[in-house]
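> Each chain is listed here by its residues.
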Amino acid sequence: MNFKTFFAFVAPSVFMMILFIALPLVSVFIQSFQITQPVMQQVEVETCTPGFVTQTCVTEQKTVPVIGDDGKIQTTTEWVGLRSYRSVLQMDKVWEAVSSGRLRDILQIDFWKALRFTLMFTLITLPLVIGVGLLIALTVNNASRRVRGPIIFVSLLPFIITPVIGSLSIYWLFVGDGILTAMMERWSGTNISMFAQAWTIELLMYFYRVWHVAPFAFVIFYAGLQTVNMDTLESAVIDGANRWERLRHVIIPHLMPLIVFIALIHLMDCYRVFDEIIGFRSQAHVISLQWLTVDFLTPDDAGNRAIARASASAMLTMIGIVLLLILPLRRTWRDHKGSAH
Amino acid sequence: MSETSKAMRQSLGLRLSSSAFLVFWCVIAAFPILWIAVMSVKSPVDAFADSPWAVIFGPNTLARGDGLSVLDIVLGLVVLYVAIRWMFTRLPALVAQYSPAGLVVLGWLVGAAVYAILFMVVFFGLLPLILSPLNAVLGPLGEPVLGLTTQHYIAVWGENEFYRNFMNSMLVTAGVVTISLTVGTLAGYGLARSGSDLAFWLLILALIFRALPHSVLVAGYLPWFINSAEILRPIFGELSPTLYGQPWAVIAVLVSINQPFTIWMLRSFFQNIPAELDEAARVDGCSHFQAFRRVIMPVMWPGVITTGLFSFLLGYNDFLVTSLLLDAQNQTMVPAIAGYFNRETTTTDQVEAVAAAVSITAPLFLLVMVFQRQIVSGLTAGAVKG
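As given, the protein sequences belong to chains W and R, one line each in that order.
Quick note: the first sequence uses the working numbering, first residue 1, plus one each step.
Quick note: the second sequence uses the working numbering, first residue 1, plus one each step.
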């Protein structure tokens, strides 16, 4: 296939990706150094209240937005350098916390709080998803052929469900005196509220994410298990390897590419954790990086969107995902180089 | 491996614990979803009761006169079973018989819609009509035993006009699926058949794009979309639209966000089709595009359907993009449910939110039932290459 045909085939897709992914990235980058505000002006306003004999009049200076000829509030855009980044990162507070030795104070700042949760969420769920997925795949592979279809059907449900709805369905089991909270209260004899403190919410979020993604890992591992070389397994048996050693030295090395694949996808998806925050309504306790950006983008009570700060936090989020993915991507590049020779 | 050699046979303990774990997993996987389905048909007092039995049997719902008798349950289950059986046996036969050649997909869409309407009429219209006199005649068998009410569904779909959100969701997902498949198959084919370095770099770039959090992109769109009428005025004059709040703008955004994933998946499906096939077509005098359309596409349907399913899921499940780029008038279903949070003051509101959540999940449930094999093959397609 020559270049011209290749280009004709990929052009629509590349065009859309440039228009809606690459250009917005450039735009976000520029916006993060700019700030757009309504033009304000000082006007003298005289307010009079009726009084006895004469009116009491007060003259005061007020700041009001300038209304343009078209009836809209005029805005200016100015370059502010790193100011938006500073207001997101709040480094002065961070240094203050470091110098006074109260490192916990850093986690009071929204950005650092979000970063802490996002990273912990990604790194804790990763091994759990791979472990649970592998366990389900091994046990299904062990089960009789007749029950496999229904089990796969049931397993796909948590994977396919809308993330917001999935986290809501777990939220409703625990909220207030939901049946599972009531059950735990009956067992422990204490009053439990799962949504009053951060760590219980976080636990539920980890649970939700593993519940949601483990089926994906399971299906892939299950497909991988079908291609395990039976001869190798049998010779391992003859060599006296027990079940655990066979798993460790034959099956897992065979599944290794799949584990890498799942880890890569999981890193990408987990890093943008967002739907759980909505579903569990945890804004007050637990927030994620993506939620922070969305929060800046949502109009506040006055109807203003903090585009500049949103852009700054978006850029910082992006730097994080690039750092996370650099290692796996370098590996892919090396593999490509290797296969080309 | 039905014939396992003696050395590979497992001890009883291992087999028992393995099946126990499977049962445990299945319960965990299905329980939250089934439970919200049960909650949605109970009165608020029952739905948020402490005891699980109260939620299942719904004494309070029953006391208010909404309930099912043994006869209702038995007949309802029979109708449901027959309906599901027919969905997998009669329906495909009928569709194959009546749909015009070459328009099988259209035939399926019409067939599924007609079937759904027919089922609704029989199950919710005809069945209660027949059952109410029967219940009155039968005495003890006709006494209601299980509390069940559809009031929350009626409230959600009727008073709260959830069908509007449903139509918006359908519009957005239909647009996302068709456009991303059209654009994606072309690109996927091109990438699969070109071994150049450019193709590799494009794929890596797509992989990086796939990793981007969606909020980063939305932060890029928002200022442009809100002010698009003024920005586009020099080009389109007075006709220039405000992109904010337009479903088709959201469709374009979701298609682009989904492109990286789509082209990766379609590429791996195209790679499974032997290149000899298009070479043969080329020898017979087809251009590249003709070979693609007449020879490759007819054997590509499984891959296209699978990728379409995942595009559907992306459009249907999306919360972030649709909630930020659409306004209240044309909100889709998933962000609309967030509207319930703000109103959720009484327990009735809460159960209505549960009913809305179940309404959103039901189509997905059907989807897994019909397309289980395609979903599994889609999940593994990208991974098998590693």
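Heads up, some of the hints might be wrong.
Unchecked claim - Heads up, incomplete: computed chain R residues facing chain W, CB under 8 Å, no partners named:
{"no.": "1", "residue": "P52"}
{"no.": "2", "residue": "N160"}
{"no.": "3", "residue": "Y163"}
{"no.": "4", "residue": "A187"}
{"no.": "5", "residue": "S194"}
{"no.": "6", "residue": "V255"}
{"no.": "7", "residue": "S256"}
{"no.": "8", "residue": "Q372"}
{"no.": "9", "residue": "Q374"}
Derived from the structure by calculation, the hints contain no laboratory data.
Cβ coordinates follow ideal geometry from the N, Cα and C atoms, glycine included.
> Any hints this thing doesn't respect? Which numbers, in order?
2, 3, 9
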